[in-house]
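Colleague: This is what each chain is made of:
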Amino acid sequence: MILVGVFVYGFIGNTIWTSMTDWGGSGSLALEPEKNFIGLDNYIDLFTGFLGSGFRQDLVNAVYYSVLLLAGAVGLGMFIAILLDQKPRGEDVLRTIFLYPMALSFIVSGTIWRWLLAPQGGINILPTYVGLKPMTFSWLSSQAAILVFNWQDLLRILLFMAAFILILVGLFMLRRDQGRAIGRWLIPGIVIGAFVWLFGDIIPDALFMEEEHGFNMATLGIIMATIWQYSGYTMALYLAGFNGISQDLRDAAMLDGATQVGYYRHIAIPMLKPITISAVIILSHISLKMFDLIFAMTGPDNAQTGHPALTMYLTTFRSNDFARGAAIAIVLFLIAAMFIVPYLVGQYRQRGRD
Amino acid sequence: MVRSKITPGSVFLYSILTVLALFFLMPAYMAAVTALKMPADISLPSAWELPPVFNWASFSEAIELLRPNFINSIILTICATFGSTMLGSLNGYVFSKWKFKGSDIVFTLFLFGMFIPYQVILIPLFQTLRAMNLYGGLPGLILAHIVYGLPITSLIFRNFYAQIPTALIESARLDGAGFFSIYLRIVFPLSIPGFVVTSLWQFTQIWNEFLWGICLTRHADNPITVGLAQLAGGQAVSWNLPMAGSIMAAVPVLCIYIFLGRYFIRGLLAGSVKE
Chain Z
1 MILVGVFVYG
11 FIGNTIWTSM
21 TDWGGSGSLA
31 LEPEKNFIGL
41 DNYIDLFTGF
51 LGSGFRQDLV
61 NAVYYSVLLL
71 AGAVGLGMFI
81 AILLDQKPRG
91 EDVLRTIFLY
101 PMALSFIVSG
111 TIWRWLLAPQ
121 GGINILPTYV
131 GLKPMTFSWL
141 SSQAAILVFN
151 WQDLLRILLF
161 MAAFILILVG
171 LFMLRRDQGR
181 AIGRWLIPGI
191 VIGAFVWLFG
201 DIIPDALFME
211 EEHGFNMATL
221 GIIMATIWQY
231 SGYTMALYLA
241 GFNGISQDLR
251 DAAMLDGATQ
261 VGYYRHIAIP
271 MLKPITISAV
281 IILSHISLKM
291 FDLIFAMTGP
301 DNAQTGHPAL
311 TMYLTTFRSN
321 DFARGAAIAI
331 VLFLIAAMFI
341 VPYLVGQYRQ
351 RGRD
Chain G
1 MVRSKITPGS
11 VFLYSILTVL
21 ALFFLMPAYM
31 AAVTALKMPA
41 DISLPSAWEL
51 PPVFNWASFS
61 EAIELLRPNF
71 INSIILTICA
81 TFGSTMLGSL
91 NGYVFSKWKF
101 KGSDIVFTLF
111 LFGMFIPYQV
121 ILIPLFQTLR
131 AMNLYGGLPG
141 LILAHIVYGL
151 PITSLIFRNF
161 YAQIPTALIE
171 SARLDGAGFF
181 SIYLRIVFPL
191 SIPGFVVTSL
201 WQFTQIWNEF
211 LWGICLTRHA
221 DNPITVGLAQ
231 LAGGQAVSWN
241 LPMAGSIMAA
251 VPVLCIYIFL
261 GRYFIRGLLA
271 GSVKE
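Residue numbers (the numbering used here), protein chains in the order written: chain Z, 1 to 354; chain G, 1 to 275.
I should point out that these hints are in silico values taken from the structure, not numbers from a laboratory. A couple of the hints might just be wrong.
[Claimed, not checked] Sample of chain G residues at the chain Z side, in silico, Cβ under 8 Å:
{"no.": "1", "residue": "Y14"}
{"no.": "2", "residue": "L25"}
{"no.": "3", "residue": "P39"}
{"no.": "4", "residue": "F115"}
{"no.": "5", "residue": "T204"}
{"no.": "6", "residue": "A229"}
{"no.": "7", "residue": "L269"}
[Stated by the list, open to error] Derived coverage of chain G by chain Z (criterion: at least 3 residues anywhere in the stretch with Cβ under 8 Å from a Cβ of chain Z; other residues may be distant):
{"no.": "8", "stretch": "52 to 64"}
{"no.": "9", "stretch": "72 to 81"}
{"no.": "10", "stretch": "98 to 104"}
{"no.": "11", "stretch": "163 to 170"}
{"no.": "12", "stretch": "209 to 218"}
[Claimed, not checked] From chain Z, some residues computed to sit far from chain G (all C-beta separations above 10 Å):
{"no.": "13", "residue": "L68"}
{"no.": "14", "residue": "L70"}
{"no.": "15", "residue": "I167"}
{"no.": "16", "residue": "V169"}
{"no.": "17", "residue": "R176"}
{"no.": "18", "residue": "G183"}
{"no.": "19", "residue": "I187"}
{"no.": "20", "residue": "V191"}
{"no.": "21", "residue": "A194"}
{"no.": "22", "residue": "L220"}
{"no.": "23", "residue": "A236"}
{"no.": "24", "residue": "I330"}
Glycine residues also receive a C-beta, built at the ideal position from the N, C-alpha and C atoms.
Using the sequences provided together with the hints, build the complete structure.
Modeller: This is the structure in structure tokens:
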């Protein structure tokens with residue numbers, strides 16, 4: 001227990017300290033490397049400095065990876081689970097097929113997918129077998145990006161998003177509690193939105209030069225491979241959940257005239273909310289440390305597909321820039337903590353009630 | 001519920017399931033087909049076709065190349081799995097049957113270790129192992145896997161031991177049995193299924209691990225994932241080798257999955273912190 005205490009909390013502390021030093025460059029591998037305290041400079045450089053642009057693209061990628069992995073794996077996993085819940089023949093075989101990627105290492109699946117996504121082969125020539133033209137999409141090397149935004153506008157975009165969410169929540173609440181919906185959600189949302197829209201110019205730029213980031217098409221292949229690997233997992237979670245719902249409840253719903261779709265939408269899926277939450281937590285944790293897969297698929301070749309976890313490794317162990325690597329690690333850690341801490345606190349409270 | 005009639009609904013269900021199954025099997029097919037081709041027969045336009053001549057030599061060549069990594073991985077996985085399950089079981093026993101003041105808080109803090117991105121502890125881990133003279137070899141890697149495997153194994157065992165009635169422990173305590181004798185005589189024999197689940201989970205995780213393997217070991221002690229990544233890394237590789245290597249790296253865990261699937265899935269579900 002003490003070991004875990006030291007290895008987890010002691011080491012996190014140590015990394016925080018390292019991230020505030022200038023440890024790096026030549027001589028950094030010496031047993032007693034020279035380290036000087038430089039405060040938050042590493043972070044400032046990552047977020048605003050010239051050299052940090054790669055990291056900022058990585059962060060943007062990480063957000064897209066996470067969102068799409070979550071949507072894809074949870075969506076597809078739930079869909080397959082519903083299909084298998086119809087008890088088709090050969091259910092066992094199918095379940096085995098859908099779940100086997102989960103047993104594989106990211107390196108194995110990354111190696112195979114890299115070959116599948118090769119430019120003039122693999123997936124791209126599949127359409128030719130049904131008489132269509134081959135696709136010419138360069139899955140892993142594309143430089144094209146969609147949804148491009150200027151990193152300078154980041155603060156404005158974030159505020160817009162906040163306003164949008166506030167208004168959305170407000171509209172949802174409207175039916176339940178009109179007063180609070182308007183006072184707490186709608187009005188602040190509209191005020192923030194209007195303010196940014198009208199006076200956006202006085203909000204400081206997040207960066208001193210223009211820098212464009214977007215969703216890189218080259219990351220699509222990686223996302224596809226991750227979804228392939230993890231939707232079986234969510235399927236298993238949901239299937240276990242569906243099996244846990246009693247047949248009586250299902251029969252009762254059917255007697256009340258619920259359709260299949262209605263049963264899942266209004267009864268089964270809402271009942272499995274805890275499972276959805278665990279799946280989201282596990283998958284977001286996986287997407288944050290997604291290093292092996294990208295390493296195996298594009299490696300350091302295509303910077304457009306980078307991810308903070310990969311950059312952390314490259315900066316730390318290839319460029320020996322330990323301090324900056326530590327800073328990246330801490331950023332990752334903070335993002336992870338945003339998901340995990342509330343979850344663990346919830347779990348703890350639940351344990352207390354038991 | 002057995003359906004014998006062919007309805008539009010069931011046709012729809014089966015066709016979607018078939019398409020999905022094909023999508024999930026696609027990479028496995030591709031790996032097998034490519035691994036069995038002669039290097040000269042591998043070309044992008046014919047990637048999906050069956051090999052004209054079966055060439056098993058890729059496998060022997062891949063085995064030759066990856067043998068040291070394979071052996072490393074076996075040693076690593078067995079030692080680390082054993083260590084982390086044993087300690088995890090003791091921990092789980094403490095957290096479920098010898099609760100102390102604040103043990104729930106400690107346990108929650110403990111679980112946190114399971115979810116941190118390992119990048120955040122990588123640098124100090126690297127330094128510590130170096131200071132302990134364990135960097136570069138298997139013992140260091142084993143130690144890392146044991147320590148960071150503890151949160152998940154403790155969790156699985158704790159949930160498992162929650163099913164053992166506390167009355168049983170208490171009566172043993174009244175009979176004068178102590179902490180360890182209760183563990184050895186009562187808890188341990190009852191927890192064999194728990195050991196199976198936890199070991200399978202740990203085995204899979206450790207076998208598949210890559211980040212520590214590449215950061216904490218020197219070339220001679222690289223586990224199989226690192227060996228495979230190096231095999232597949234170059235630009236001008238003939239793809240039969242990496243594919244054969246991938247199959248090799250996947251076989252142990254796939255065997256576990258196929259033959260002990262029930263326990264594997266249970267581990268999977270336990271790993272999702274369901275309580």
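Colleague: Checking against the hints above, which ones are violated?
Modeller: Hints 3, 8, 9, 10, 11, 23, 24 contradicted; others consistent.
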